[in-house]
Structure formats: structure tokens, C-alpha cells
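Chains as they are written, first to last, in numbering that gives the first Met the number 0: chain A, 0 to 162; chain B, 0 to 391.
Bear in mind the hints are in silico, worked out from the structure with no lab data behind them.
None of these values were measured; they are calculated from a predicted model.
Among the hints, erroneous ones may be present.
[What the hints assert, rightly or not] With the Cβ distance kept under 7 Å, some of the chain A side facing chain B (calculated, not the full set):
hint, residue
1, 24
2, 25
3, 27
4, 157
5, 159
6, 160
7, 161
8, 162
[As the list claims (entries may be wrong)] Among the chain B residues that face chain A by a calculated CB cut under 10 Å, a handful are:
hint, residue
9, 20
10, 22
11, 33
12, 34
13, 36
14, 244
15, 293
16, 299
17, 306
18, 352
19, 368
[What the hints assert, rightly or not] Far from chain A, some chain B residues (derived; all Cβ distances over 12 Å):
hint, residue
20, 7
21, 47
22, 63
23, 83
24, 85
25, 147
26, 224
27, 271
28, 281
29, 313
30, 333
31, 384
From the three backbone atoms N, C-alpha and C, an ideal C-beta is built for every residue, glycine too.
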Amino acid sequence: MTVLEEKILSVIEKNSRIDAAELAVVLGTEEIEVLNAMQHMEEDGIICGYHTMIDWEKTGIEKVTALIEVRVTPQRGKGFDDIAERIYKYPEVNAVYLISGGYDLLVTLEGKSLREVSSFVSSKLSTLDTVISTATHFILRKYKDHGTIMTRPYVDQREIVSP
Amino acid sequence: MRDIEEMLNRQVVEMKPSGIRRFFDLVSEMKDAISLGVGEPDFDTPWHIRDEGIYSLEKGRTFYTSNSGLMELRQEIAAYMKRTQGLDYAPASEILVTVGGSEGIDLMLRAMINKGAGEEVLIPQPSYVSYEPCTELAGGVPVIIDLKNEDQFRLTAEALEAAITPRTKVLVLPFPNNPTGAVMERHDLEAVAEVIRRHDLYVLSDEIYSALNYTEEPHVSIASLPGMRERTVVVNGFSKAYAMTGWRMGWACGPAAIIRQMTKIHQFAIMCAPTTSQYAGVEALRNGDADVEQMRQSYDQRRRFVLHRLEEMGLPCFEPLGAFYVFPCIKGFGMTSEEFAEKLLAEEKVAIVPGTAFGDSGEGFLRISYAYSISSLREALGRLERFVERHR
Numbered sequence: 000m001t002v003l004e005e006k007i008l009s010v011i012e013k014n015s016r017i018d019a020a021e022l023a024v025v026l027g028t029e030e031i032e033v034l035n036a037m038q039h040m041e042e043d044g045i046i047c048g049y050h051t052m053i054d055w056e057k058t059g060i061e062k063v064t065a066l067i068e069v070r071v072t073p074q075r076g077k078g079f080d081d082i083a084e085r086i087y088k089y090p091e092v093n094a095v096y097l098i099s100g101g102y103d104l105l106v107t108l109e110g111k112s113l114r115e116v117s118s119f120v121s122s123k124l125s126t127l128d129t130v131i132s133t134a135t136h137f138i139l140r141k142y143k144d145h146g147t148i149m150t151r152p153y154v155d156q157r158e159i160v161s162p
Numbered sequence: 000m001r002d003i004e005e006m007l008n009r010q011v012v013e014m015k016p017s018g019i020r021r022f023f024d025l026v027s028e029m030k031d032a033i034s035l036g037v038g039e040p041d042f043d044t045p046w047h048i049r050d051e052g053i054y055s056l057e058k059g060r061t062f063y064t065s066n067s068g069l070m071e072l073r074q075e076i077a078a079y080m081k082r083t084q085g086l087d088y089a090p091a092s093e094i095l096v097t098v099g100g101s102e103g104i105d106l107m108l109r110a111m112i113n114k115g116a117g118e119e120v121l122i123p124q125p126s127y128v129s130y131e132p133c134t135e136l137a138g139g140v141p142v143i144i145d146l147k148n149e150d151q152f153r154l155t156a157e158a159l160e161a162a163i164t165p166r167t168k169v170l171v172l173p174f175p176n177n178p179t180g181a182v183m184e185r186h187d188l189e190a191v192a193e194v195i196r197r198h199d200l201y202v203l204s205d206e207i208y209s210a211l212n213y214t215e216e217p218h219v220s221i222a223s224l225p226g227m228r229e230r231t232v233v234v235n236g237f238s239k240a241y242a243m244t245g246w247r248m249g250w251a252c253g254p255a256a257i258i259r260q261m262t263k264i265h266q267f268a269i270m271c272a273p274t275t276s277q278y279a280g281v282e283a284l285r286n287g288d289a290d291v292e293q294m295r296q297s298y299d300q301r302r303r304f305v306l307h308r309l310e311e312m313g314l315p316c317f318e319p320l321g322a323f324y325v326f327p328c329i330k331g332f333g334m335t336s337e338e339f340a341e342k343l344l345a346e347e348k349v350a351i352v353p354g355t356a357f358g359d360s361g362e363g364f365l366r367i368s369y370a371y372s373i374s375s376l377r378e379a380l381g382r383l384e385r386f387v388e389r390h391r
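Extracted from the complex, chain B is given alone in its bound form:
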């Protein structure tokens, strides 16, 4: 028999496992560690949404839906995009219901990239862990744009311009951002959109945290700017806004030509998003706005609490205005992010993810999640403060 290792796909074998995985294994060995390391809400899915999922099961709605997702759900997604962004998407041809936002990311890149043709995908980092591997699997070339603390980790027109080559095809726009909590406000997007139009690029706008925004003006989608809708696929979902991570429900909206190809891949790889989750999703979009607002306000309070504590302990941190993360700088300690995180875990039993899990430009930073109760945050930050004082 041939060696099984030799039989495997080389590209997959050589793929780096997610940087967070290693840290996860380390934390798992530590029995009584407390964590500020999660990337999901601490709230339960609001009961009326869960109830709708249960009800759909009781009614025997246990079959496949159409590949694109329940028409009823796509209509609710269209209504959501209209009321939050003023954008019109046709439920029949421009909306696809996906298995979480992650699937939308994968599908968009696979639908756009020609394998091995040297087509480049611009990926601002630090950012979520999927963009780079998904680009590689799709046969594209990831080109990293390093976001900077002094820009509050926003993407600037200059940084974008500098990364563009004749082979650039797609820009990933991950805001509000995991892990930095950075947002792109209207004026930031306008500056970037001008460059995108001039170079005729396409945009994968990952807006999964769009509802968790603490700026005066609510989240602005780049697709709502002039000349951008026709070159943008917006990926969003239920996970963060409605506290529905385990339901695996997301959606993609974009030009029919792209959505058509994405739907084809989805049809062969996935078939359709989970039916129970889709019924719950209808209820979420229809009657969940108040829940989202309540959770958003709660996150905002915790955000202020964490920033205040970091200031008290003298850890520099720009003010993040989105998602549920803060991204303090630990460059003054003579340790790499990983060393800092591992030492903190060993000495104080607090798990905080090193910034480098989200790209090399996360070096010198930590991602602190505030998807925890204030009392949990107080305890964990107290330990962090002790650690900081000891190692300063």
C-alpha cells in the first residue's frame, strides 16, 4: 500500500493550521484557566428565535430547502439590507443563504479566482483567520496589507494603493474587525472606494459584526457607496448580532452574476443551510431588532469598562468602535505576543489570544474579547494587571 501521507493533497498538507489552534491546545491542558479568548457572544440566542426553531421541528419542517435558502428568509434578508443600508437586493437572484459567514467567504473567493493564474487577493491584517487559506485553496495569491495601530487599524487609501498590482482582483474588507475591533466609517470607506473603482477591483466585504458598532453613525456598508454595489459581495450572518453562532447561519448579497456561481458551488458542496436554522433566522430578522440593540448596549458598556481598566494598568490601546474586541499593545514588555500570552496563561491562568494568531502584523498586540459579564472581566483583568505590574 502506498504511504498515506504521500497520497494527500500537497497544498492542504502544507497549509498552516490556524494560529489559534496551538494556543487552544495549550489552554485546554490548563484545567482552571479563565478566558478572555472567545470569538462568540456570551448571550443565549433570544428565546423567541430558539422557540421558532423548535416549532419548525415540531411541525416536521425537516427537509432540504431550495439551494439558495427559503424564499421567506431571503425576503427578510432583503428587507434587512434595505432598512440598515438602503440597499436593494433581489431575493430570487442576488441573495444566498450560507452556512455561517465563513462559507460566504470561501464561496466568493472560489467564484472569483482562476486557479493558478496568479490572481491576487488583498487581505488587510490583522484579520479573521480564513481569508488567507481560502484564497490559497481557491488558487489565488494572498497579498497582505499590514494595518497599523496609528491608523487605528483602519485601511487607508494609501496602503491600499501601494498594494495594488496589475494582477490584483479582489479586496477583502473585514470591518468591523476581528481581532482589532476597528471600524471603517463613511469617510474612510469613501477614500478607499475611490481607489477600488479606479483600479476596477472587486470587494469581499465581511460585515459579520455590522450590528456591533459603537460609532455615532451606524455601520456603513461599502456596497452602499456610489459605483460599489456592482463590484461588492457583502457577507453577513446571524452569529454575532443575534448570538446564533451554533446555528451556522449566514448570507451573501451581491451582483447576480457572482451569486449565481457561488450558489452553484454551494449546491454541490453544501446543498442548503440547515432548515431549522433558516426558520429561526426568519424570526430573528423579523422580530429581533430590539434584542440586537439590547446586546449592543451591553457590549458597549463592557467595552468602556475594559478600556478604562487597560488605561488604569497603563496598557496602551486605541479605542476600538466595533465587534467585541480590544487590541492593546504590549510592545513595552520585551516579549513577543505569544510569549506574553503563554506566560500570562502559566502565571495567572488567563487565556488571551496573541495578536499574531491573526497575522504577522498582530505582533506586539493581544486580542481581548469582552463577550463576558462585567464580573468575569473584572476578575480576568485584575489578573492581567498583576501580571503587567510584575513584568513592567
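Excised from the complex, chain A in its bound form:
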């Protein structure tokens, strides 16, 4: 990882819409350098995507997010990888993490309604052979996500002119 690549990541992690020309300006380099570095990082899977943060609560569109703790029996020679794959292949699954502590996998899931989420858990997740148990937690409100505070917009409280 080069110094430039690291700097690019720190900027685009917060703002993926910035274009290569502007990135080059703020980082004091050439556009072509930025484009090359980005391409490398995309090819190496360091940059995995460019997503948009949406506060769905403000849209009025119903959406439910759940955190599901999953305890599983690891398989000989495969550990948790196979079972994780069987879970993350479902498109409604947002994230799958292997976790240390009281359970094994943390699965986040998005659905239209509580019913949809619980039906996924009971019919798809719990029925997998290696799954021992699940505990489903519904997210009631997102205060902060991906380092962004969602409850209040930024208001500049400074005096408009000062020495």
C-alpha cells in the first residue's frame, strides 16, 4: 500500500462521489496517478464498492433491519467458511461477520417487515444443518452509521465573520 493509496482511501471512505480530478487536487498529485491507484485497489479488491448512505426512516418507506446472532457447529477442515457462504448468498443478507465471544456469526438482514425478517430466520436460517440457535434483534433507530450521525443535520453555528 502506497502513501497515496492510503490517502485516497481516507478521503473516499467519507466521500465516494469525489472525482479523480478533484482527488488529485486535494491530495496534491496528478489525476493519472489517482486513476491508476484506484484501478489497482479495485482490482485487488481493496475497494469493494461505492455505496450510498440512506436514512430510510426519513423516506417513509418501510424497512426493517435486524441483527441476528447465530451459533453454529464448525465443520471439520472448513471451519465457518462454508456455513457463512450459505448464509451470505441470500440477497436479503446485508452483512455476515465471524465474531468472537458468546456466538459465532453476526448476520444483518434487511426486510420490508418484521414478518418478512422472521420468516427468513425461521424458514431459511434456522433450518440450516449446522445452525444450533439464533437470536434476532430488530434495530429500532440508527443514531450513527458508517461514522455519520443521522439524527441531526450540520448547522454552522459560528459568527459569519470573525478576525
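Chain A is already provided as a structure; the job is to place chain B on it using the hints.
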């Protein structure tokens, strides 16, 4: 009853109000103006620092501290001066915690100047608005050194030498500079220090922007050069580096003989810096380096962005390497700085402070602050570009 106007102190009455004040009043009347005119960070104070302030209140630490400030804080200031400049200051006798950097400026001048004795204070301009009035209030004679665009607004040995008279006592050294963003690098300081030593001057080094420096070598304090520590009072503070302007916290470091007298004035005029702020300050110096670095990098990105946009619109500007200001030249427009700023405000509703708010030598320049998000900068600079194209 005698006329109240007649009762007032003549010197204060005749004092010019800050040049920025007039402009502020003008801007305030304009409801939807956007601004590139602030002299303070846009970041919130890092949470762990605020939390420490809150915690100190919860613990009931609501009493005066010693006049010089909490010993714990002075020890942290000593450690900071050591790790950033390699300078040793004794917490017990050579460090004073002040109400912002501004108080340190006032105290140093009052501690050094004999009223009405014709003692001269050299003030490079453009620079922060306090030095001249504080010199006058202290009873000294301000002598202005005009800094020049072609020197990137740095102080040169020649300009300093030319301003020195037998009555010169103190040199104010305001770098990194507000409003120009100029810095003094090691070789610049060495040249100036030689003149200072030869003429046996004292230095008030206002280093409030020391952490916001974009040169290869981090900020160098003039006090760290040979023979300078014993003739320099360094004024610094939390406002710019830690985004703590409202906490009103600064410090002064210098020879015990000067700090002792400054502490005396501070003791009678102020008592002590706000206790809550002092506890927050301990946390800032102890655990805040990473925050400062993050903000510095962010300013540096905005600095490049603004310089690039100015270049695109053809406004000449030297590359400033400190603080969070750029100082473009608008001499080609047939307007004074004030006219330019007022017209820009009226036509495009962008508030940018005219260079003359910081001294006559700021004529022909504007101070653009980049303590704003890139998107705010983009919008405001877009308006400036429209204006520039229309009036070229």
C-alpha cells in the same frame, strides 16, 4: 451632570474599532449570505476533550485554580513545548495559562512597555488585529513593518533591520500568519534572529497556528534558535489546533522574569483561566495529537482545493503554507479591497474579509478562510468566479 462622553478615557475613545467590525455589521444585514470570512475552525472540539470538561463539572471542579493555571495543565504544556520544539520551560515559573492567546499578547506587551516612554513595538502587517491597539493601550509606539507579496508575506532580515531604531524594544512575530497564511521556515527565522540578537530586542512570538503548518518541516518556534529563548515569549493556545475557540484557553511561555510580571497583571485582571476549560485542556494536550493531525490533513486538502480554484479563475495568489487562510491579490480589478468585498457581498452574497482589515498593507488583497467543508467552499468560490469574470 458632566457629559458622559467627556468622562471617557480619551485614548480608548480615539481607538479605531477593529476593521473587521464594520464588515461584520454589513454582513449581518444580509440574511442569506454565505461566508468565507471566519477565523475559527469548523470542526467541533473532539468529543473526548468536551467529555473531560463535562466530567470536571460533574465532579464539582467549579472553583478558581491557581493564578498561573492548574499545575497539571502547566506540566502538559511543558511536555508539549518539549515534544514539538525541544524547548524546556519550568511549569512553576515559566508558563502561564491565559484566557486565549489574545490575553497573552496583551499581557506580554503590558509587562514590557513603559507607558509614554516612546518605546517602539515592531508589528509586521498584515496581521491579527490586536497587536496595534494592545501596544497603544500599553503606552508603546507601534511601528508597522509592511510585509510583501513578493516575499510571500514573510518577514525578511532587511525589512526588520530597516525598521529598528534606538527605541525599538519588542518585535511581534505572528507566524503562521492570520490573514495571509504565511509561515516562517527555519532559514527565515535564522536570518531574522541574527538581527534580533544584534539589536538586543525582545520577541512576542504568536504561534497560535503552529499546529496548522503544511511545510515539510513542522513549525519551528523562534525560541528554539540559539540565544532566543531568553528574549522570547511564546504565545500559543488551544483554539485553532484543537478547535476550541469558545473555551478561551491559551498559554504563554517565556523567561521567568517576564512571566512573573505577566502573571501579576493576569492575577488582578482575570484571576485565572476558566477551570472547566483547563481540565479540558489537560485532556487535549495529553490525548489530542491524533485529532490535530486529522484536522491538519483536512485543512491541507481544502487549502489545495482553494488554491486550485483561484488558479482556475485567474486570481493570483502565493502559496500559503500555514493557518487556514489564503490571501489572493485583486489589484487588477480597479477596486480597493473594501470595494471589492462589499460589491462581492452585494452581488453574489459571499462574505470575504478585505485584506485592509488587517492593516493598510493588506490593500489589494482578500482573506479567504478555508475552515469550511469542500462543498461550501465549492459553492462560495463558484460565486466568486462569476463575480471575477464579470468585473475583469
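A quick look at each hint next to the structure:
1. 24: Holds. Min distance 5 Å.
2. 25: 4 Å, holds
3. 27: 5 Å, holds
4. 157: Because about 5 Å separates residue 157 of chain A from the closest Cβ in chain B, which is inside the 7 Å limit, the hint holds.
5. 159: Cβ of residue 159 of chain A sits 5 Å from chain B, so the hint holds.
6. 160: 4 Å, holds
7. 161: 5 Å, holds
8. 162: Where the cut-off is 7 Å and the nearest Cβ of chain B is about 5 Å from residue 162 of chain A, the hint holds.
9. 20: 9 Å, holds
10. 22: Cβ of residue 22 of chain B sits 6 Å from chain A, so the hint holds.
11. 33: Holds - the Cβ of residue 33 of chain B comes within 10 Å of chain A, reaching about 9 Å at its closest.
12. 34: 5 Å, holds
13. 36: 4 Å, holds
14. 244: With a closest approach of 9 Å, the residue 244 of chain B hint holds.
15. 293: 9 Å, holds
16. 299: Hint holds; residue 299 of chain B Cβ to chain A Cβ min 8 Å, cut 10 Å.
17. 306: Given a least distance of 9 Å, the restraint on residue 306 of chain B holds.
18. 352: With a minimum Cβ separation of about 6 Å from chain A (threshold 10 Å), the hint on residue 352 of chain B holds.
19. 368: This hint holds: residue 368 of chain B lies near chain A, its Cβ roughly 9 Å from the closest one there, short of 10 Å.
20. 7: 24 Å, holds
21. 47: Residue 47 of chain B clear of chain A: closest Cβ-Cβ about 16 Å, beyond 12 Å.
22. 63: 29 Å, holds
23. 83: The assertion about residue 83 of chain B holds, with a minimum of 23 Å to chain A.
24. 85: Fine: 26 Å to the nearest Cβ keeps residue 85 of chain B off the interface.
25. 147: With a cut-off of 12 Å, residue 147 of chain B remains clear of chain A, as the shortest Cβ separation is near 22 Å.
26. 224: 29 Å, holds
27. 271: 25 Å, holds
28. 281: With a cut-off of 12 Å, residue 281 of chain B remains clear of chain A, as the shortest Cβ separation is near 25 Å.
29. 313: 16 Å, holds
30. 333: At about 25 Å from chain A, residue 333 of chain B clears the 12 Å cut-off, so the statement holds.
31. 384: 15 Å, holds
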